[in-house]
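Protein chains in written order, with numbering that gives the first Met the number 0: chain V, 0 to 366; chain Z, 0 to 438.
Source of the hints: derived by calculation from the structure; they are not laboratory data.
Just so it is clear, the structure is predicted and the values come from calculations on it, not from any experiment.
Here a beta-carbon is modelled for each residue, glycine too, at the ideal position from N, C-alpha and C.
Hints may be right or wrong, so weigh each one.
[To be verified] Covered stretches of chain Z, as calculated for chain V (at least 3 residues, CB under 8 Å):
| # | stretch |
| --- | --- |
| 1 | 13 to 26 |
| 2 | 45 to 54 |
| 3 | 127 to 135 |
| 4 | 303 to 315 |
| 5 | 320 to 326 |
[Stated by the list, open to error] Examples of chain Z residues lying across from chain V (beta carbon under 7 Å, computed):
| # | residue |
| --- | --- |
| 6 | G65 |
| 7 | Q160 |
| 8 | R270 |
| 9 | L379 |
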Amino acid sequence: MRPAKILLRLMLRSATVRRGRAVITLIAVAVAAAVTTAMLNLYVDMQAKLHHEFRSYGPNVVLTAKDGSSLPADVLARVDRELADRGTAVPVTYAAARTPQGEPVVAVGIDMERARKLNSWWSVTAWPSVPNSALIGSRAQAALSLDGQPLDLIFDGRLLHASIAGTLRTGGPEDNRVYLSQPDFSAWTRLQPSVIEIAVAGGPREIQEFIGKLAAQFPAAEVQPVRQIVEAEARVFDKTRSALLASVALIIATSFLCVLATLTSSVLDRRKDFAVMKALGATQVMASLLFAGESATLGAAGALLGYMTGIGVAALIGRINFHAGVEPRWAVFPAIFAGSVALTLVTAIVPITMLNRIQPAVILKGE
Amino acid sequence: MFFRLIYQSFYRQRRNKLLAGIAIVFGVAVATAMIAVATDIGDKMNRELRAYGPNIVVYPQEETLGVEIGGVNLKPITSGAFLKESDLPKLKGIFWGHSITGFAPFLPVNVNAAIDNGGAEAGPVTVPVELIGTYFSKTMRFGKDDFVTGVRNVYPWWSVQGAWPQDDRPAKNQVEVLAGVQFANEHHLNVGDTLRVGERELGREFELKISGVLNSGGPQDRALVGPLALAQEIAGQPDAVREVYVSALTKPEDALARRNPSTMSPAMHDRWYCSPYANSIAFQINEALPYAHAEQIRQVAQNEGSVLARINGLMWLVTLAALLAAVLAVSAAMMNTLMARRREIGLMKALGATRTSVAALFLAEGAILAVVGGGAGFALGIFLAQRISLSIFGSAIHVEAALFPVVLLVSFLILLLGSAFALQRAARLDPTIVLRGDA
């Protein structure tokens, strides 16, 4: 028989005859690979998930027309194109209107659908659904003392007569205002949007890049980050990521140790086989090759098995915590695979080289 | 005999036992560290989330409508009701007073500022600007405790180029203020410049020295920000405050928090009152200041809860993964000690040892490893948790005393679960097969 064939047969027999050992090693490698895969997957995906979660804080970039100029008509479409699914943009128009009694009140024209998506914390009793109905801030409602009466507002000599659809409560300046849908508002005031509130997902660098792009596109506008949101997010995000990274490192180290212990002792356990092979005339290279081949095969199989399990675990965690699946990262696989094989190889080769120093006769005699 | 077996097992197999011991130490350490970090991270993150700014606003009950667009206040301040500055320390006296990390009162007044434009012939330019009076970092006293509060801890993202002004103004009529960055740029003001506000005829003229330029990213960028006392004097309203912004550590909203407190049963109301929800803290502020209205700022308070819940959930799931890894590490180590000693067990059984005595031997050995390794692992775990907390949050971890038994129990369970499989295998080994060398 050719050496290669013998090698293959030896490996096959070793795997089938000493099933207990092989299974334990396989499980150890697979578990380590699974845990590592799950953690790395989670770690990579978590950043996007957390950024998404932070977007519930509302706009983090504001585009404002500079004093005395107005935004181009296609501004919203262009901002949307720049955003490309990474967030939401809401055009907003402000006007200082008056009630017939002369009480000043801020009226706001807004795209209701988009505002609802962007400002998830708004507590609204009912969103306006028919034309000429308004959303009124809770403080404005109390101050104007409307008991379900329709609202009259005057701007620039033009009267608006609108029904009240619902009350808005935020605890912020929104409570002082009256919100109208964009078409109703521009028909009444003839004003075009002067502000675009944008929520864009991403880290500080991505947001800065986005601001740079918008500023270049709209020289007549000021594009500013909302520092309260951007900076707090960066801070909380960094801490979370570091905490997660520390945990992931600990877990990976634990599973690594688990594999190391199993493999080293499994190889040392077989010093007799090794001695017999050498006594029968196998060279050191040949014997090492056999052991390394066995270990690498186990490592590869364990990596494959572990990777599949790990993806599943990561998806499960994503579903439980974020109610969204975690996308499998195929890019992680080569690293996991190479890592597993390298780890098993190292843990096989080192004990073998150690054994090589000992005479086969000594081992066989059982000393 | 039993003890001798155990002694010999440890003595003769030092390498093997050491390996198993290391696995146990590490497994328990990781479990301890993760539990300690996960139980404390909610608290730590809650503090970090205060970076989003105040989550409760207090304003006078009597409704006055703010008319403000893009940070420009369109309505003069003279009208309307005020809060009393002298009542503010009461905020710290409410039931959840210690979870209030800070508050900042605000009193905006519209002034005409005279700017000396460096000897131009036209003389000083007068521009209308809003002056916001507040606390920067004021030491206050409630009961026996001193506390420091003001915009510097309520709005951590405010950045000042130059120096923060003093809260107490010196006796002479020169007061330090911050100039908002937009206002400063528009009128070419720099740190150290002065401007004058107020009416000379009424003897209420003040010289304002710009000690720093403020970048807040908000409406304050177009205004002057000065000590509260200055704004009160200009407005002629001593003790007056328009609004107070409160930053409090709160518990994420749950089903109880969303219920209407006025429809709760007394027992439930007590539970609601004694939970630090943003709403119950606002309720207690209302009790302390009956003429005021406190309300949660939903943008901050609501999202804080959801972000906190996500981070907490994530850490617990990762902790679960860590516990699993710990069980497996211990299990692998125990399995290895068993595998290495199959022959020995076979011999013991062939000589008449029962399953129970074999299991007892292994259990005793495991117990010794567990006590030594578990103890070392526990200490290492607490140390690891401290390192993690210090390097990430810059503050030591707070390990609850009640946590120790929990961690010990968990470590014990990990060891038990990890050894169970090996023990079972050891008890079931067939001596004939092992001794023949076929296994």
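query: Honestly, which of those hints from before does the structure not fit?
result: 3, 7, 8 and 9
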